[in-house]
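As a plain string of letters, each chain reads:
Protein chains: 2
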Amino acid sequence: MDIKHYMTEVGRRARAASRAMAKADTRAKNQALLLIAAAIRREADALRAANQRDLEAARANGLAEAMLDRLTLSDKAIATMAEGLEQIAGLPDPIGEISNMKYRPTGIQVGQMRVPLGVIGIIYEARPNVTVDAAGLCIKSGNATILRGGSEAIHCNQALAKLVKEGLAGAGLPQDAVQIVETTDRAAVGELITMPEYVDVIVPRGGKGLIERLIRESRVPMIKHLDGICHVYIDDMADIDKALKIAFNAKCHRYGTCNTMETLLVARGIAAEVLPGLAALYAGKEVELRADAQAREILAGYPRLAEASEEDWGTEYLAPILAVKIVDGVDEAITHINTWSSQHTDAIVTEDYSRAMRFLREVDSASVMVNASTRFADGFEYGLGAEIGISNDKLHARGPVGLEGLTSLKYVVFGHGEVRE
Amino acid sequence: MDIKHYMTEVGRRARAASRAMAKADTRAKNQALLLIAAAIRREADALRAANQRDLEAARANGLAEAMLDRLTLSDKAIATMAEGLEQIAGLPDPIGEISNMKYRPTGIQVGQMRVPLGVIGIIYEARPNVTVDAAGLCIKSGNATILRGGSEAIHCNQALAKLVKEGLAGAGLPQDAVQIVETTDRAAVGELITMPEYVDVIVPRGGKGLIERLIRESRVPMIKHLDGICHVYIDDMADIDKALKIAFNAKCHRYGTCNTMETLLVARGIAAEVLPGLAALYAGKEVELRADAQAREILAGYPRLAEASEEDWGTEYLAPILAVKIVDGVDEAITHINTWSSQHTDAIVTEDYSRAMRFLREVDSASVMVNASTRFADGFEYGLGAEIGISNDKLHARGPVGLEGLTSLKYVVFGHGEVRE
Chain A
0 MDIKHYMTEV GRRARAASRA MAKADTRAKN QALLLIAAAI RREADALRAA
50 NQRDLEAARA NGLAEAMLDR LTLSDKAIAT MAEGLEQIAG LPDPIGEISN
100 MKYRPTGIQV GQMRVPLGVI GIIYEARPNV TVDAAGLCIK SGNATILRGG
150 SEAIHCNQAL AKLVKEGLAG AGLPQDAVQI VETTDRAAVG ELITMPEYVD
200 VIVPRGGKGL IERLIRESRV PMIKHLDGIC HVYIDDMADI DKALKIAFNA
250 KCHRYGTCNT METLLVARGI AAEVLPGLAA LYAGKEVELR ADAQAREILA
300 GYPRLAEASE EDWGTEYLAP ILAVKIVDGV DEAITHINTW SSQHTDAIVT
350 EDYSRAMRFL REVDSASVMV NASTRFADGF EYGLGAEIGI SNDKLHARGP
400 VGLEGLTSLK YVVFGHGEVR E
Chain B
0 MDIKHYMTEV GRRARAASRA MAKADTRAKN QALLLIAAAI RREADALRAA
50 NQRDLEAARA NGLAEAMLDR LTLSDKAIAT MAEGLEQIAG LPDPIGEISN
100 MKYRPTGIQV GQMRVPLGVI GIIYEARPNV TVDAAGLCIK SGNATILRGG
150 SEAIHCNQAL AKLVKEGLAG AGLPQDAVQI VETTDRAAVG ELITMPEYVD
200 VIVPRGGKGL IERLIRESRV PMIKHLDGIC HVYIDDMADI DKALKIAFNA
250 KCHRYGTCNT METLLVARGI AAEVLPGLAA LYAGKEVELR ADAQAREILA
300 GYPRLAEASE EDWGTEYLAP ILAVKIVDGV DEAITHINTW SSQHTDAIVT
350 EDYSRAMRFL REVDSASVMV NASTRFADGF EYGLGAEIGI SNDKLHARGP
400 VGLEGLTSLK YVVFGHGEVR E
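Chains A and B are the protein sequences, given in the same order. Residues in the first sequence are numbered consecutively from 0, following numbering that gives the first Met the number 0. Residues in the second sequence are numbered consecutively from 0, following numbering that gives the first Met the number 0.
Rather than coming from a laboratory, the hints here were simulated on the basis of the structure. All values reported here derive from a predicted model rather than from experimental measurement. The beta carbon of each residue, even a glycine, is placed where N, CA and C say it ideally should be. Honestly, I wouldn't trust all of these hints.
In silico SDA-like pairs for lysine to any residue, Cα to Cα no more than 20 Å straight-line [unchecked claim]:
1) A:Lys22 <-> B:Glu361
2) A:Lys244 <-> B:His415
3) B:Lys101 <-> A:Phe379
4) B:Lys244 <-> A:Gln108
Reference listing, derived: stretches of chain B covered by chain A, where coverage requires no fewer than 3 residues with Cβ under 8 Å from a Cβ of chain A [to be verified]:
5) 18-28
6) 96-107
7) 110-116
8) 238-244
9) 365-378
10) 408-416
Construct the complete structure from the given sequences, taking the supplied hints into account.
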């Protein structure tokens, strides 16, 4: 198989399909989503069988248990995929929306129309549900998409792609609007990220290693985030109860997610009051605390206490480990965060109005919170209805990215024969 | 001079200044703009003297007359620079604006806050007024900026930079918020576009050659457009008077601008009616018409008539030359435009509602117009107050880019102790 030729053909077909998708009406797009959801429910047995083939191959290849877990398509996962599509069908269509129409002194009327980006390449690892979620978001936002899933899930992804194409065809939309890369050859990724003539944006979903490689090699813009080194700062004007709840939830609700707290900053004035209570909560979850000298004094006797090195401030543990640092106050907290944060999500706990406002304004991260757990940084929790990923970049989309992040705005001008004087 | 070391220092200082600019209050930013405007008026003689040194060097180097013209700082240009700053001071401050705050079922309140991008690198050619316009837009939008102007304007730019720094200092803002690259060594550009740790976005202002080189070599995202191959399509349901006015203005108002029409598409059904009248107007301006076979039949006898080759459909003439093509109707017009347009600005002239709506929706360009001259595609004409450039890209900013294009949105969450269940 000539990978370059194959990917060029995939790209060419995606570009052509994107033209039809851009002008597809809302009813057709919603119909496709509902047909795909129905097909997924109807073909649940076939999907499980395809998934079984993937799982057997993965076990034969000695894949780790966590990976097998993510690869498994349970009955619940199948139902959730179908429901997700139905939810996307229920969201307002972002495309064609015209905003800010204003008359100018020359007589022309100027506004902006929301339009699709064009062709979106999605590169992801094992999870087969990404195939359906991403296809659904791209269909609704009028884009064509090229999906490159993990090779471990190839049978399942092919089975899902068949159902997606069936739904597209049933709604009169081009089947090429959603294409699965049919080869597991890694060279296909190299092609996908270097054909800007066919692909407008890449959304990578995966570990830091994958994304770092894509950043180095991609010639197509990306909507991405590398990692989540999230902070909670407990100010000396914090409400102790809120501080305990938030700092516990932000660390222990789930360890492996990008919006989990990795470093806790505590104002010196409240440390002796708040840290022992927090330690009692963390001890129940066997969380290791890597603390600076002052915090270690207060935490003396904690069963899993270690010395924090500078490296800890820049580490995303994705595990029951937490870095702890005592700071003078909000100034040092902001400086620490703007130095070490991955600009994903950072929160302050305080009852002081001015410090809350300063933190919101000055912390340079995609999500900045007052008195709430960092775990809320999520497209569903923010009310976007669905999420294609999270962006830590400042250009285009920042933070959780839903349908709107897959669109652009063009200027539209309504005239009456006006010319420039 | 070690260029790499020098540029790293410039970048480091810009990053530090950007932190202060991001939290600068509106009053200080406006005060800086007004102080700079006053200093420019006060030092008009010194600016002209510096400009004289540049002009003498440019003449000695045999610079073309058109280039000398753009380099010249007239009394009017000096006044216009000062007025431009005062206008920017009068615009609303985009930074800190919070929008779309909504309560979520969990109790948290989620919205978005407009924030600066950080450090903006601007690469431009001779015109010294860009130095002041760009500095003004970056100050107002809370960014730091590194300005790399053409080496021909170095004395004038240094004189302007001195006044900008005086204004910043007078308002209590960091002088490093606006830095001029003090060396004319071209290697400085190579450094500027490859230090993403210090520069968040590059805005190149210049010819296609410069921008193509930057696209190849830059590791920093760019807000840019390559060229302007703009179309006017005269539909067979067009009002003839409007068609004549618009097609004449779009070509002949100015030849060298990126929003000038380069190809005229005419529906077959109206060609014989509209082309002779247009030809009479173009003849008065000695415009060369490069037409397809059908159009040449109608235009027979026009003094400057040539045969169009396929190359003409993809050429930005920036001159009194116009490509002319007869099309079947709106379908062929849209297909031609989506194939050949540089996605800058394209217009339809029609009285037919459905065709106007289809053109608006289906033409994939940054500005799409009905019954108006393409020459309106401009930040001032659109009401943005000022313009840093025009983007033909779909990600981030598209079309004329004003203050808002130099900002991003971060999510802000107001909580009351909420945690994720």
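Verification of the hints:
1. A:Lys22 <-> B:Glu361: holds, 6 Å
2. A:Lys244 <-> B:His415: Satisfied, since the Cα-Cα distance of roughly 11 Å is no more than 20 Å.
3. B:Lys101 <-> A:Phe379: holds, 13 Å
4. B:Lys244 <-> A:Gln108: Status holds; Cα separation ~18 Å.
5. 18-28: Since three or more residues must qualify, the claim that chain A covers the stretch 18-28 of chain B holds, with 3 doing so at under 8 Å.
6. 96-107: holds (count 4)
7. 110-116: It holds: at least three residues are needed, and the stretch 110-116 of chain B offers 3 whose Cβ sits within less than 8 Å of chain A.
8. 238-244: holds (count 4)
9. 365-378: It holds: at least three residues are needed, and the stretch 365-378 of chain B offers 11 whose Cβ sits within less than 8 Å of chain A.
10. 408-416: n = 9 at 8 Å, threshold three: holds.
Checked against the numbered hints above, the structure breaks none of them.
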